[in-house]
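Novice: Each chain, letter by letter, is given below.
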Amino acid sequence: MGIISVERADHLFWIGRYTERVFTTLVTFFDFYDQMIDVDLEAYKDFCEKVAIPDIYRDREDFNRRYLFDRTDPNSVCSNLERAYDNGIVIRDEISSYTLAYLQLALDHLEAAAGSAAPHYDLQQVIDYIHAFWGCADDRVDDEEARNIMKCGKYLERLDLYLRLGYPFRLIEKEYSKFVNRLGRVRLPYDPVCKAKLDEIFAMGPWWTERRGEALSALWNFFLR
Amino acid sequence: MLLDLVDHKESINRLLARYGVKFGIYKNHEFHEQLFPFDPIPRVIPRREFDYLDRGLSQRVTALNCFLEDIYSDKKIVKDGVIPADFIYSSKGYLPQCEGIRPPKHICSHISGIDLVQGKDGNWYVLEDNLRIPSGASYPMIARDLTRQAAPEAFARNHVEDNRGYAAMLRETMEYVSTGGIHVVLTPGRYNAAFFEHSYLAERSGSVLCMPQDLVAEGGKLYYRQYEGRKLQVGAVYRRISDEYLDPLTFLPESLIGVPGIMEVYAAGNVAILNAPGNGVADDKGIYYFVPHMIKYYLGEEPILRNAPTYLAFYEKDRTFILEHLSRLVVKDVSEAGGYGVVFGSNLSREELGALAEAVRREPRRFIAQEVVDFVDLDIVEGEARVPRKADLRAFVLAGETTRVWPSGLTRFSRNPDSFVVNSSQGGGFKDTWVLSR
Amino acid sequence: MRILKVQYEMRLAFDGPVTDHYFRFRCLPMEDDAQTVEALELHLEPACAVRERTDGFGSRMCCGEILTPHDALCVRMNARVRVERGASDHELRAQAARGTGHTGYEDANRPDGLAAGQAPWFLYRYPSGLTKPDAAMREWLDRVRERYALFCRAMGYPEADRGKPPYCGSGPGITAEGNTGRQEIGLPSPDHAGTRFPEFLMHEVYRRLAYAQGHTHVGTTAAEAFALGRGVCQDYAHIYVTLCRMAGFPARYAAGMVVGEGATHAWAEVWQDGAWTAYDPTHDCIVDDRYVKVSHGRDFADCSVDRGCFRGAAGQEQTVYVKVEDCAAGRE
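Protein chains in written order, with the numbering used here: chain A, 6 to 230; chain B, 99 to 536; chain C, 497 to 828.
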């Protein structure tokens with residue numbers, strides 16, 4: 006059994022969440038980026054609305070630059086990656102220097118890519134580093150409970166984004182079962198009412214979308230703080 | 099023989115960046131982290147020379163530990179008139195709150211950082227003892243890890259002592275003094291200049307990196323609070339928080355980074371704190387003068403290592419000498435630290451010399467003066483060229499069951515050709531230190 | 497000799513529930529040459545375990561913590577203390593010192609007063625956080641010295657004929673401005689065995705200040721209170737201790753209770769002729785056996801009766817009840 010304080014549990018959980026937020030929003034960003042080339046120049050507005058961040062962007066170019074690289078924008082990919090790193094550096098001894106290095110590399114790479122003419126090519130590397138991060142975590146984070154807390158954060162964040170972005174039900178169902186699986190292996194206090202509600206909503210199958218708001222709020226309130 | 103290393107300078111620095119080998123500095127009240135520049139040419143210490151340093155450093159730290167234990171208990175060295183009381187009780191580092199506390203296994207300075215330079219005459223001189231929270235061991239450790247990867251040939255051909263055993267030495271020291279329970283590295287937090295080191299040493303020594311709020315004193319014992327409510331007893335705390343912030347009930351009441359009650363647990367002998375609070379009394383610049391006396395007094399031995407020739411303005415004979423030779427000496431204000439309050443007489447104008455002499459006359463207790471040691475330069479790589487720079491050596495001495503010197507050390511160099519100041523906060527870089535195994 | 501019955505009660509009331517409350521009380525009568533504690537009861541509410549230890553200054557400290565929510569904490573202490581301390585002890589010692597020329601200063605490394613595991617008298621030669629002097633205090637002290645010289649001459653004391661006394665700051669002395677606690681302080685020479693200067697200084701301090709509540713607070717420094725010219729016993733003690741140290745006499749802050757006073761009291765102790773002599777500048781007298789000491793240190797910060805920290809409600813109110821009775825007097 007690991008040696009995990011409240012503070013540390015928090016960092017493990019949030020490193021999972023932020024890393025996942027960077028990953029899924031970056032992947033999604035590419036879809037919207039593709040559309041904005043010649044289909045819908047203002048697709049980013051839809052993106053902002055879906056992931057519930059304020060649309061503070063002047064236009065497509067402004068979005069492309071600031072959403073990715075602007076450190077002063079708290080919702081940017083860069084800010085989220087910094088937060089993932091900040092959560093990681095204080096638990097270096099738990100996740101190992103090897104694992105942490107992938108966040109450092111991702112961050113350094115994102116910084117170097119700022120302002121690049123072809124973010125597609127440059128950012129693929131960031132996604133690769135995040136894949137490597139999780140692979141390394143599986144190998145190098147010795148404590149199973151610590152690893153499971155990270156994954157709880159990861160799958161909770163992924164579910165949240167999938168629900169918001171309207172991902173197909175089969176993917177949501179799969180992520181939910183992964184989440185529940187990890188949940189059973191940690192001792193994080195959670196609200197059983199939220200859990201029951203989510204079970205009920207996802208049992209509806211593809212019609213879950215009728216209760217999207219409820220599902221999101223159950224996720225939001227899932228863990229007792 | 100070191101060509102491989104020089105060729106790989108870039109790749110080594112890239113690896114250092116990958117692992118976030120940084121130190122923090124505050125600029126305009128904002129925290130910045132910067133890479134600690136690494137120079138690939140190591141300082142090489144031949145075996146015989148290291149054996150000499152090993153004996154001298156162990157002896158010195160053993161005596162300093164005797165001194166610390168004595169000062170907070172029997173005060174024999176004061177009673178016997180070896181060190182004037184004034185140098186102890188007017189020192190900022192003397193903490194009356196630590197009187198009467200017997201640290202576990204009677205060790206006060208578990209991790210000592212002794213700063214040395216090698217003079218052009220080949221002799222090593224001790225410049226300073228750091229017995230509070232000496233930092234820097236992590237840098238040569240990780241640099242070694244990475245240079246071995248980048249230039250394996252250099253290590254295959256030379257016989258270099260592996261310095262990565264530092265983590266094990268640290269763990270053994272903690273185990274030896276532990277009162278039973280887990281071991282933690284207590285950091286004030288992410289925005290500390292040496293945070294990289296805190297987290298890296300915790301990882302490597304198998305300790306738990308913790309923040310003050312993770313610890314709780316209860317019923318005279320110290321615990322680590324687990325997230326699901328259980329408490330684990332803590333047996334040894336390698337704290338990287340300075341004395342005055344350690345416990346708001348004992349020291350600064352406004353400290354928010356302390357652990358309330360930790361000093362009481364410590365005083366009761368229920369937890370080991372590395373290094374012991376109150377050690378500052380022994381690394382005061384004024385006390386430095388007396389270290390050779392301590393070695394004779396406590397150990398009955400002749401000091402193996404030399405101090406830089408030092409004069410104490412407190413003593414009339416020394417004061418006369420200082421005032422006569424002011425222009426060639428370096429004068430240090432004992433109340434300052436970190437490279438401040440150090441004046442080279444040779445850099446001063448007539449008026450400035452006069453003012454300094456006056457200050458020495460007025461407050462003799464405040465000043466020590468030393469001969470300027472002309473220390474050897476080490477080559478560093480700058481662009482395509484190799485250029486000589488001033489460098490010192492911080493040796494790490496660990497006191498546990500025995501007192502041992504880490505076969506390596508932090509070699510810091512000044513990047514500015516005219517500067518003697520090698521402090522990392524003033525832009526210096528570092529080198530690995532190779533101790534040859536034969 | 498007196499037997500004193502001491503009652504002390506302190507109640508801390510918080511605005512709301514607090515948790516992780518750690519406390520250190522220094523309210524138990526000290527055991528030393530002058531005081532013998534014959535009976536002692538300590539009661540806490542809410543009840544909790546208390547561990548006693550001696551702090552680095554030699555005061556008794558009660559340590560404890562209440563981690564669960566509570567909104568008040570009450571400490572009650574009842575003690576019976578035998579006190580044998582009198583002005584005459586001081587005078588006898590001073591006379592003896594005058595006879596032998598022995599002061600306890602002639603050798604800075606004298607073994608006396610260097611108790612194992614306790615801050616020795618050397619420590620009390622230096623300014624501390626609340627006892628840093630300023631130029632005004634120094635100037636005033638110079639005038640006191642002049643008056644003292646006149647006084648000695650008038651009384652025919654030999655001190656008057658010994659030139660400028662070293663405790664007046666000759667040699668590598670203290671400077672009032674920017675004193676960081678590191679400067680050396682000139683010590684009285686053997687010539688000044690049995691000197692009456694500390695007592696003279698006490699009278700001067702008493703006359704210089706006006707006792708008034710509400711003008712100073714627990715964090716007021718000696719220099720601030722001196723500038724105000726008024727304060728309470730804590731300020732009197734700080735000012736007196738500061739001046740003594742400037743004049744070369746090791747001096748420490750003492751806290752405790754006195755017969756007939758409904759609050760805690762503070763005074764000072766001066767290392768003189770190889771022992772501590774206690775002076776009460778607030779009452780302008782030498783401390784006798786109506787006083788019960790609970791702590792001493794460099795200044796108030798080392799002696800606060802209650803030092804603690806907690807999480808939760810911002811405000812707290814402290815009420816203290818003190819009663820010291822002379823048992824013998826009560827029976828008569």
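Among these hints, one or two may not hold up.
[To be verified] Derived SDA-like pairs (lysine to any residue); straight-line CA-CA distance at most 25 Å:
hint, chain 1, residue 1, chain 2, residue 2
1, B, Lys319, C, Lys501
2, B, Lys329, A, Pro194
3, B, Lys174, C, Ala771
4, C, Lys628, B, Gly367
5, B, Lys319, C, Gly808
6, A, Lys179, A, Arg217
7, C, Lys819, C, Gly770
8, C, Lys819, C, Glu527
9, B, Lys125, A, Pro79
10, C, Lys501, C, Val818
11, B, Lys174, C, Gly770
12, B, Lys120, A, Trp139
13, B, Lys190, C, Arg692
14, B, Lys203, B, Gly220
15, C, Lys628, C, Leu540
16, B, Lys319, C, Arg692
17, B, Lys319, C, Pro565
18, B, Lys329, B, Val389
19, B, Lys394, C, Leu610
20, B, Lys177, C, Thr550
21, B, Lys125, B, Asn111
22, B, Lys394, B, Asn111
23, B, Lys319, B, Gly279
24, B, Lys190, C, Gly715
25, B, Lys319, C, Lys819
26, B, Lys329, C, Arg692
27, B, Lys329, A, Trp139
28, C, Lys628, B, Glu352
29, B, Lys319, C, Leu540
30, B, Lys107, A, Asp113
Please keep in mind that the hints were generated in silico from the structure rather than gathered at the bench.
Predicted model, so just to flag it, every value in this text is computed and none were measured.
Novice: None of the hints should be skipped; say for each whether it holds.
Specialist: Here's how the hints hold up against the structure:
1. B:Lys319 x C:Lys501: violated (35 Å)
2. B:Lys329 x A:Pro194: holds (17 Å)
3. B:Lys174 x C:Ala771: holds (20 Å)
4. C:Lys628 x B:Gly367: This hinted pair is violated, its Cα atoms lying about 35 Å apart.
5. B:Lys319 x C:Gly808: holds (23 Å)
6. A:Lys179 x A:Arg217: holds (17 Å)
7. C:Lys819 x C:Gly770: Violated, because 33 Å separates the two Cα atoms, which is more than 25 Å.
8. C:Lys819 x C:Glu527: holds (19 Å)
9. B:Lys125 x A:Pro79: Roughly 23 Å between the alpha carbons, so the hint for B:Lys125 and A:Pro79 holds.
10. C:Lys501 x C:Val818: With Cα atoms ~11 Å apart, C:Lys501 and C:Val818 stay inside 25 Å; holds.
11. B:Lys174 x C:Gly770: Given that 25 Å is the threshold and the Cα spacing comes to 19 Å, the pair holds.
12. B:Lys120 x A:Trp139: Distance ~24 Å between B:Lys120 and A:Trp139 Cα, so the pair holds.
13. B:Lys190 x C:Arg692: Violated. B:Lys190 to C:Arg692 sits at ~32 Å, over the 25 Å cutoff.
14. B:Lys203 x B:Gly220: Between B:Lys203 and B:Gly220 the Cα gap is close to 37 Å, so the pair fails against 25 Å, i.e. violated.
15. C:Lys628 x C:Leu540: violated (37 Å)
16. B:Lys319 x C:Arg692: Answer violated: B:Lys319 to C:Arg692 is near 49 Å, above 25 Å.
17. B:Lys319 x C:Pro565: Satisfied, since the Cα-Cα distance of roughly 20 Å is no more than 25 Å.
18. B:Lys329 x B:Val389: Not OK: B:Lys329 and B:Val389 at ~43 Å, beyond 25 Å, violated.
19. B:Lys394 x C:Leu610: holds (22 Å)
20. B:Lys177 x C:Thr550: holds (23 Å)
21. B:Lys125 x B:Asn111: With a Cα-Cα distance of about 24 Å, the restraint between B:Lys125 and B:Asn111 holds, given a limit of 25 Å.
22. B:Lys394 x B:Asn111: It is violated: about 45 Å lies between the C-alpha atoms, which goes past 25 Å.
23. B:Lys319 x B:Gly279: Distance of about 11 Å is within 25 Å: holds.
24. B:Lys190 x C:Gly715: holds (21 Å)
25. B:Lys319 x C:Lys819: violated (35 Å)
26. B:Lys329 x C:Arg692: violated (59 Å)
27. B:Lys329 x A:Trp139: violated (30 Å)
28. C:Lys628 x B:Glu352: holds (20 Å)
29. B:Lys319 x C:Leu540: holds (21 Å)
30. B:Lys107 x A:Asp113: Holds, at roughly 19 Å.
Hints 1, 4, 7, 13, 14, 15, 16, 18, 22, 25, 26, 27, counting from the list given before, are not met by this structure.
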